[in-house]
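2 protein chains.
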Amino acid sequence: VMGWTSDLESAMQMLIKTFHKYSGKEGDKYTLNRGELKELLLEELGTYLGNSKDNEAVEKVMNDLDANNDGEVDFTEFIILMGALTVACNDFFLEFKTDDKPKGQSS
Amino acid sequence: VMGWTSDLESAMQMLIKTFHKYSGKEGDKYTLNRGELKELLLEELGTYLGNSKDNEAVEKVMNDLDANNDGEVDFTEFIILMGALTVACNDFFLEFKTDDKPKGQSS
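Protein sequences, first through last, are from chains H and P. Numbering follows UniProt numbering, in which position 44 of the first sequence is assigned residue number 44; successive positions increment by one, without gaps. Numbering follows UniProt numbering, in which position 18 of the second sequence is assigned residue number 18; successive positions increment by one, without gaps.
There may be inaccurate statements among the hints.
One copy or two, either will do: identical chains are not told apart, so a pair holds if it fits within one copy or between any two.
Cut-off 25 Å, straight-line C-alpha distance, at most; resulting in silico cross-link-like pairs (SDA-like, lysine to any residue) [said to hold, decoys possible]:
1) Lys-25 to Asp-91
2) Lys-21 to Asp-7
3) Lys-29 to Val-61
4) Lys-29 to Glu-43
5) Lys-97 to Glu-56
6) Lys-25 to Asp-7
7) Lys-38 to Lys-60
8) Lys-97 to Gly-27
9) Lys-25 to Ala-57
10) Lys-17 to Asp-7
11) Lys-38 to Met-14
Calculated directly from the structure, the hints in this document are not laboratory data.
Next up, chain H with everything else stripped away, as it sits in the complex (with noise of 0.2 Å):
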C-alpha cells in the first residue's frame, strides 16, 4: 500500500507488523495482554533483554509500560518502550565510538 520505501520507512512500517503480529493472537486485537507482550519480548528483543525467562522482568516492562493500568498494551504505550529501547541502544553504539575518528564505521 506504500510507494517506494526508504529504510526509515521500512523500519516504521516493521514496529506496526511486528506489533500486531503479537497484539492480534488473543482477546483484544490490537493490544498485547500479558502472554502476547511476554512472547514478544522474548521472540523479537531476546538479544537485548538477555533471554531472560523469569516472569519478572516481563512483570516489570508490563508494569512500566502500561500506563492506564488496563493490563494491557497499546501501540502507543508499545512505542514508548521501542524508544527508550532505541535511545539506550544508541547510547550503547555511542559508547564504541568516543572519539570522532570512524572505527571501521558499517556503511
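Once you have looked at the hints, place chain P on chain H.
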C-alpha cells in the same frame, strides 16, 4: 556487533543508522542541524511528508522537534518524531481494517 537480529531489532538499528547518516555530515556529529534535518525528511520520509519541498513544513517539524531550542535535533528528539509518525501511520493502517475480516492482509 549484534547477534542474530530480529525484524524489531533491525528496525531499531535502522533508526540509529539513518540518524547518524545525516547527523554526521556537518558540525556536531551527533545532532541534526536544519540542513541535515531537511535532507533526512525529504530523502527518507518523502512518501509520508508528500515530498513537500517548502521550507515551512521543515521549519515546523524543526521547531516542534527542537524541544530545547538549540537549533539542533538530538537523537531523543528524533525518536520522538519517529514515534509520533509511526503511531499516526498505525492509525492510518487501522482505518483500512475497520472490520476484523482480514482484507488480503500482507503476510
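Verification of the hints:
no.	hint	result
1	Lys-25 to Asp-91	between (34 Å within a copy, 19 Å between copies)
2	Lys-21 to Asp-7	both (20 Å within a copy, 12 Å between copies)
3	Lys-29 to Val-61	within (20 Å within a copy, 32 Å between copies)
4	Lys-29 to Glu-43	within (19 Å within a copy, 34 Å between copies)
5	Lys-97 to Glu-56	neither (33 Å within a copy, 35 Å between copies)
6	Lys-25 to Asp-7	between (28 Å within a copy, 18 Å between copies)
7	Lys-38 to Lys-60	within (11 Å within a copy, 39 Å between copies)
8	Lys-97 to Gly-27	between (45 Å within a copy, 17 Å between copies)
9	Lys-25 to Ala-57	within (22 Å within a copy, 39 Å between copies)
10	Lys-17 to Asp-7	both (15 Å within a copy, 9 Å between copies)
11	Lys-38 to Met-14	both (18 Å within a copy, 24 Å between copies)
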